Amino acid sequence: MPIGDSIPLIGIRWDDVLFVALAATLLVSALLVVTLRDIIRCGLALIASFASLAGIYVLLGNPLVAATQVLVYIGAISVLVLFAIMLTQTKNAPARLVFQTQTLAAAVAAVVIAVVITATVLATTWPSAGQRLWTSTTDVAHLLFHDYVLPFEVVSVLLTAAVIGGVYLARREISKDGENR
Amino acid sequence: MSGSLDSYLVLSGLLFAIGTFGFLARRNAISMLMSIELMLNAVNLTVVAFGAFVPALKTHAAVIALLVIAVAAAEATVGLALVMAIYRNRKTPLVDEYDSMSE
Chain A
1 MPIGDSIPLI GIRWDDVLFV ALAATLLVSA LLVVTLRDII RCGLALIASF
51 ASLAGIYVLL GNPLVAATQV LVYIGAISVL VLFAIMLTQT KNAPARLVFQ
101 TQTLAAAVAA VVIAVVITAT VLATTWPSAG QRLWTSTTDV AHLLFHDYVL
151 PFEVVSVLLT AAVIGGVYLA RREISKDGEN R
Chain B
1 MSGSLDSYLV LSGLLFAIGT FGFLARRNAI SMLMSIELML NAVNLTVVAF
51 GAFVPALKTH AAVIALLVIA VAAAEATVGL ALVMAIYRNR KTPLVDEYDS
101 MSE
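If you're matching them up, the sequences are chains A and B in order.
With this note's numbering, the residue at position 87 of the first sequence is 87, and numbering never jumps.
With this note's numbering, the residue at position 100 of the second sequence is 100, and numbering never jumps.
Misleading hints may appear alongside valid ones.
What the hints assert, rightly or not - Pairs of lysine to aspartate or glutamate, DMTMM-like flavour, derived with a Cα cap of 25 Å: (1) B/Lys91 with B/Glu75; (2) B/Lys91 with A/Glu173; (3) B/Lys91 with A/Asp38.
Rather than coming from a laboratory, the hints here were simulated on the basis of the structure.
Every value quoted in this text rests on a predicted model; they were computed, and no experiment measured them.
Pulled out of the complex, with its shape left as it was, chain A reads as follows (with noise of 0.2 Å):
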């Protein structure tokens, strides 16, 4: 049975509904990211944030953008935080203070960008946008293939370097008596 557009009786459309969710889980993800005491918990937050966002998104009529957010951003560097978390925890690391001394004029720039960036675009209007799109796969794999090949096959050497990269700067170095370091 197909649903509405909108909830029935109260009328309000189910894009804003899920907009509204989506948003809010956003956001307190990534504030929980920031504040909480004990890193894993920011880690697993901060998948919560990945996941919010991929479903805005969909939202926004991308879905090949949605699904490589899952894909690379949970699937990927989810995993990657989470394996450099247990790597580099101390015993006594998490019990200590999390925030540097600059904590406070940190919170003043935040907000400060916060309160510009929102002024910004509420008082600008933007001529040239109109109704929400959907964004065709098809078009979108035409254009990558076409136009933007040469960048395409560029970001696939980047990766290459960033991985011998990564794999060169985290090795574990072997001094002359055989010990590790």
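Using the hints, position chain B against chain A.
Positioned in the frame of chain A, the structure of chain B alone reads:
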């Protein structure tokens, strides 16, 4: 609400500000990298939002967002490897204890 460009741009601005706060305020190097990921996500949300609402940018925005995601993955790999390398030398992930240049 979900049909106007402004709400998406404000959302991405708020996300970017949260990421800025985390980058400036946290002591743990990995927390700072997570905040950078939040900021990159905010920028990507802006790109996709403009793509959804401006017809001339529609498919270009999706391509740009995909390339940004790929570059962000490369950045996360190298950044976390750097943190691991420093951790092995200094035995701490806290950035304010990396002070050998000031001694």
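Now the hints, each set against the structure:
1. A hinted pair counts as satisfied when its Cα atoms are at most 25 Å apart, and B/Lys91 with B/Glu75 qualifies at roughly 23 Å.
2. Distance hint between B/Lys91 and A/Glu173 is fulfilled; the C-alpha atoms sit about 15 Å from each other, no more than 25 Å.
3. The straight-line distance between the Cα atoms of B/Lys91 and A/Asp38 is roughly 19 Å, inside the 25 Å bound, and the hint therefore holds.
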